[in-house]
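Chemist: Read off the chains here:
Protein chains: 2
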Amino acid sequence: MNVEFINPFIASLINVLETMAQTKLQPGKPKKKADEVARGDVSGLIGMVGPQVKGSFSISFDESLALEIMHRMLGEKPAKIDAEVTDMVGEITNMVTGGAKLELAKKGYDFDMATPIVVSGRQHTITHKVDGPKIVLPFTNEAGNASLEICFDKV
Amino acid sequence: MNVEFINPFIASLINVLETMAQTKLQPGKPKKKADEVARGDVSGLIGMVGPQVKGSFSISFDESLALEIMHRMLGEKPAKIDAEVTDMVGEITNMVTGGAKLELAKKGYDFDMATPIVVSGRQHTITHKVDGPKIVLPFTNEAGNASLEICFDKV
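Residue numbers (UniProt numbering), protein chains in the order written: chain U, 1 to 155; chain R, 1 to 155.
Quick caveat, the hints were computed from the structure, so don't treat them as lab data.
Remember, identical chains collapse to one label, so a pair may be satisfied in a single copy or spanning two.
Once the Cα atoms are required to be at most 30 Å apart in a straight line, the calculated DSSO-like pairs of lysine-lysine come out as:
1) Lys154 <-> Lys101
2) Lys154 <-> Lys107
3) Lys106 <-> Lys154
4) Lys29 <-> Lys101
5) Lys29 <-> Lys154
6) Lys80 <-> Lys24
7) Lys101 <-> Lys31
8) Lys106 <-> Lys29
9) Lys101 <-> Lys24
10) Lys24 <-> Lys107
11) Lys24 <-> Lys106
Could you put together the complete structure from these sequences and hints?
Modeler: Now the structure itself:
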């Protein structure tokens, strides 16, 4: 998979969280190994389909980080992951993918986004099923960890 | 959401599991309430994008039922959900959506499928984030429960 596909998602995630929630995430080392999985307590996922590519994107958060983002974004901090937190994670997923879509369209890669899905459950794992390579990129923040995973199949 | 959209997914799920794994699922009562969530130990999810519709589909299985399907499909029964089980759930997700896609194309509803994503984690919940209505349909089997969720946005 081309790094051209990855960077717009990373930049968009960092931008969305800084702009909407004054939250800085520190990217770690990307992992390419096939058996790496993204892990978190709440995750947003979205499918993408275009003429040249199809794939999927996910962003997983530790509960502590998701609650801190909620606190910074909306001024309230629920005690645990509730419907408002999953709504927020769905919105973040939409915004991050939408931002990357704009950047990739400029480079000639067009795709449409499906509707987002949010998964909630302690330390669940996410596995993207594609033939091609996939990237897991960990992020850290004083409030907890996040994990971005993205993969594309050539169509 | 039109029942025309739902029935092909239900029929395809029942057909795929009967054909591939000699497993019969008994459909329960569909739930339309906005706060219903699909729950399971392993789930397959897929996004769909077409000119008239976009949406997402998920199928969640109890661990016991996923392992029994694995046993019937491949003759081996792992002790817990491992990479082979998540591969199988990804394949089932692809086959069920592919079967429904063929039926819906005959009715004039075309969509493309994104790549499947598999979520693993005890009793996680799945929430599809769309503006429109969504359907959660429970299934039972002597080995455990499954839960199909589907929703479409008009585009």
